[in-house]
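Could you put the whole structure together from the sequences, leaning on the hints where they help?
Chains as they are written, first to last, in the numbering used here: chain F, 1 to 177; chain E, 1 to 415; chain V, 1 to 310.
Derived by calculation from the structure, the hints in this document are not laboratory data. Worth double-checking, as some hints may not be accurate.
Calculated cross-link-like contacts (lysine-lysine; reagent style DSS-like; alpha-carbon spacing at most 27 Å) [stated by the list, open to error]: (1) V/K289 - F/K118; (2) V/K135 - V/K295; (3) V/K115 - F/K118; (4) V/K135 - E/K295; (5) F/K138 - V/K135; (6) F/K118 - F/K158; (7) F/K138 - V/K111; (8) F/K158 - V/K115.
With beta-carbon atoms standing in for the labels, derived distance ranges [claimed, not checked]: (9) F/V164 - V/T142: 47 to 55 Å; (10) E/N151 - V/T142: 57 to 65 Å; (11) F/P36 - E/G296: 25 to 33 Å; (12) F/C46 - V/T142: 54 to 62 Å; (13) E/I237 - V/Y147: 48 to 56 Å; (14) E/S279 - V/R74: 36 to 44 Å; (15) F/D84 - E/G296: 54 to 62 Å; (16) E/H283 - F/V164: 26 to 34 Å; (17) V/T142 - E/L33: 34 to 42 Å; (18) F/G99 - V/G138: 42 to 50 Å; (19) E/S279 - V/Y147: 26 to 34 Å; (20) F/N54 - V/D225: 27 to 35 Å; (21) E/L33 - V/D225: 26 to 34 Å; (22) F/N54 - V/G138: 40 to 48 Å.
A short, non-exhaustive set of chain V residues, derived as facing chain F with CB atoms under 8 Å [as the list claims (entries may be wrong)]: (23) R108; (24) E152; (25) E156; (26) G256; (27) Y258; (28) G309.
These numbers were taken from a predicted model, which means no experiment stands behind them. From the three backbone atoms N, C-alpha and C, an ideal C-beta is built for every residue, glycine too.
The lines below spell out each chain.
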Amino acid sequence: MATPSFSMPSRRGLGLLCCLLGAMSGLRAQDIQVPPPPFTEGLFPCTVCHDGKNLKVNRQRRELKDMHGDIVLKHGPESRWCLDCHDPLDRDRLHLASGEQIEFTVSYELCGQCHGEKLRDWRAGVHGKRTGSWNGQKQYLLCVNCHNPHSPHFQPLKPMPPPVRPDAIQARKGGAL
Amino acid sequence: MDSPRAFARFAKASLGHIVHGNRTYYAWVGFLLLLIAAGSAAYLGQLREGLIVTHMRDQVSWGFYIGNFTFLVGVAAAAIMLVIPAYVYDWEPIREITILGEVLAISALVMCLCFVLVDIGRPDRFWHILPLVGRLNFPTSMLAWDVIVLNIYLLLNWFVVTYLLFCSYTRRHYVKAIVLPLVLFSIPMAVSIHSVTAFLFNGLAARPFWNSAILAPRFLASAFCSGPAILLVLLQILRKVTSLKIKDEAIFKVAELMAYTMGFTLFLTFAEVFKEFYSGTEHLVYTKYLWFGLKGHLTLVPFAWASVGCGLAAFLLLLIPATRKRWATLNLGCALIYASVYIEKGMGLIIPGLTPDPLGEIYVYTPSLTELLVAAGIFGVGFLVFTLMLKVAVPIMLGELTSAPGRPVSADHHP
Amino acid sequence: MKYHLGKSEPQDGPRTITSRRRFLGAAATAMAGAMATLTGCGKGDVEAFLQHNFRELSKDELKDVIARLERDARKKYGKDITIGNEPAIQGTIFGYALDLSRCIGCRRCAKACVKENNQSRDPQIEWIRVLQMDKEDGVDVTHADPYYNPEEVPQEGHFYMPVQCHQCRNAPCTKVCPVGATWQEKDGMVVVDYNWCIGCRYCMAACPYGARRFNWGEPSIPSADLNPVTHYLGNRPRPKGVVEKCTFCIQRVRKGLYPACVEICPTGSRKFGNLADPKSEIRYILENKRVFIFKEELNTRPKFFYFYGV
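Structure below.
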């Protein structure tokens, strides 16, 4: 199975957000427009396999071997493992520290439990990319749109070309002397 | 003879005198016209392609043209080196040659205006800088001040020279009440043109190398020692080729004043260098680039040391009476002073002020062929203006060119 | 916190026309006709030559100017462009903040700016310059490198600092312009009238941030890459021999949009907003983050701030 991909949503994609607003349930009072969670094809809904009948819940901290072995966990692996975030009883949801279940669409609530300052900044629009109008509607991104929750460190990019050096700037045609 | 008709005759006679001369004259003028032609051709290329044909770029946005402009403003200001002893101290030997200093000032100012014109990106929009017709940002912009004072000084000198020559031509007494105040006014005007030019550099906080309080005094000191250098050489030539009498005394006195001002210039340079190296702040990079190079870029270093070396040698040659009063060493001193200040105003002022740029980048600027040719053309223009004015002025001063030959020359006929 | 522009005088657009200007205008039109006949230049060329400073144009004159410039652009690029003239929105003073702890130096901002603002591709002009510096030395431009080109960024031990026009409240550039071709608008943007600038480059010498660029040669943009939505004081195609610089995307922000560099930044390091609005993200940054001003000792009082979000 392929690992979840975390690419930047296109601007067209962001434009679809408005439609999702009313349709999404479990939204907190903030009413923050976000794109849909970037699930991998064919993986969600998880309850297809994790239906509670054929696969029994195993709360033992271990390295997964039979499935999901391709997921590299680099998110505080000494103190954290899968079921700290994924709800053991309903794999189509996440759970907070209190045990309360939340939808994937508001995963930022979960991230914010440990990364409170980032959440506060994110809500203010100061953490992470936010587009839209400075005096009107704005579009947020989910934490997971930029940060792979299993390995959240922001990945390096290939830089765009450097500027032309001043001595390389010349008159175009034969020009003058 | 009524004045407008007399003036028309004066103008016609002057023109007639300009187009006639001996072979040397024609050769010299021909050479200057050749320079001007070469410069014009290069400038046409610049007009067509834009300033990209120079080697100026965003990182070093002023270069050879502005360096020459700055130097020539100094030369123009230096005319008062003759005016002060002549009129303020009433020293007769220099009186008769002050007009030549003013002619030099006019030529230098013409060159200044030309250098500004070739440096701006849109010379077709030159009228934007005219007050009333355009929009002159006075008094906030120092460039606006410079436009005003340079033009006032030009008009002043042009008026005084024309008036004095016209009076000599018609063998009339010049009206002291007109001339003396104007000539005395030209002293603060001369100081102002170079101070304003200095202020336009040192008012920029973005350029720490320029943002120094002693920039204006440095400009004045270096102007007063270099400007007369050309004049001293010229006076010796004029003495040889015409019957113009110029006392040795006058020449030696000017040379002596040049020595003192060069000494002061050297002191001010040392003061700047001391302040930068001793306090050793981040601003040291510019001074370091000039005198010792930065990150392997040593382009300016030989020029910096050559400038100070020539200056020191000239100082000694002109200070010591034995060498000052010997023609060979006097002329050598003049050449050295001219070289020293010319290098310092171009390489030693403009480039280190802009290198490294505000974001730390070092772009090594050297003038392009276009810039050199255009500058040569402008110097051709300046020397031509100088030559043509002298071609008229000297005969008038000698009484050879006059509307009333045979009339006795009055005692205070000489300006 | 109250935000106002400070020393630089804000301007808003066409002023009242004095009788002197009316006379000169009539004389100019008459002269234009004569010159057109004599020199064989088009009437448009003569009108262009005689055009006055943007701040002194009447509404009608400005309409004519814009129509002429749009015609010229169609001729040069074979594309229809609109040159807008949106005034400053009441009650706005724009501010910008850049998160140095998050910028990775990918330069997407610089390239997006080039596309949005119709900068010349050859000779190349880029309004935004990204400096790579060492974390050890901090913000020290003597060791800055704008030409870094590794396989990926950020590189170990380095941080990245993009620099563009800071739209200073105490701008040294507007002070020195001899013809008043550059000034600060009411919403805080420092703008250039490309048809009035004489190209003396004094403003470039005066800018401590190296933010201004000069059109050394005739600018060239492939027609397909030309952004047709422009503003007179912003991203309209510029002629040779004039100065240009970042205007915080005046053509976008006066319509409520974010500047192009803010929108494209993949790490969200660029933040923009109305300083006069206490609820804006820019005010949040100024009140809650460790903010510093580049070359603060020069007292330019810029509206571009650097901060450390982390």
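Q: For V/T142 and E/L33, compare the CB-CB distance with the range 34 to 42 Å and indicate the outcome.
A: violated (48 Å)
**Q.** Distance restraint between V/K135 and E/K295, which requires alpha-carbon spacing of 27 Å or less
**A.** holds (20 Å)
Q: May I ask you to test the hint 42 to 50 Å on the CB atoms belonging to F/G99 and V/G138?
A: holds (46 Å)
Q) When you take the CB atoms of F/D84 and E/G296, is the distance between them in 54 to 62 Å? A) Holds - the Cβ-Cβ distance for F/D84 and E/G296, about 56 Å, lies within 54 to 62 Å.
Q) Does 26 to 34 Å hold as the CB distance between E/L33 and V/D225, or does it fail? A) violated (47 Å)
Q) Is the distance from the Cβ of F/C46 to the Cβ of V/T142 consistent with 54 to 62 Å? A) Taking Cβ atoms as reference, F/C46 and V/T142 lie about 55 Å apart, which means the hint holds.
Q: Go ahead and decide if the range 27 to 35 Å is satisfied by the Cβ distance of F/N54 to V/D225.
A: At 57 Å between Cβs, range violated.
Q.
Hint check: V/K289 vs F/K118, CA-CA at most 27 Å. Holds or violated?
A. holds (12 Å)
Q. Against chain F, is V/E156 within 8 Å by beta-carbon distance?
A. violated (10 Å)
Q. So does F/P36 sit 25 to 33 Å from E/G296, Cβ to Cβ?
A. violated (55 Å)
Q. Does V/Y258 meet its interface restraint, that is, does its C-beta lie within less than 8 Å of any C-beta in chain F?
A. holds (6 Å)
(Q) Check whether the Cα positions of V/K135 and V/K295 lie no farther apart than 27 Å. (A) With a Cα-Cα distance of about 18 Å, the restraint between V/K135 and V/K295 holds, given a limit of 27 Å.
Checked against the numbered hints above, the structure violates hints 3, 5, 9, 10, 11, 14, 17, 20, 21, 22, 25; every other hint is satisfied.
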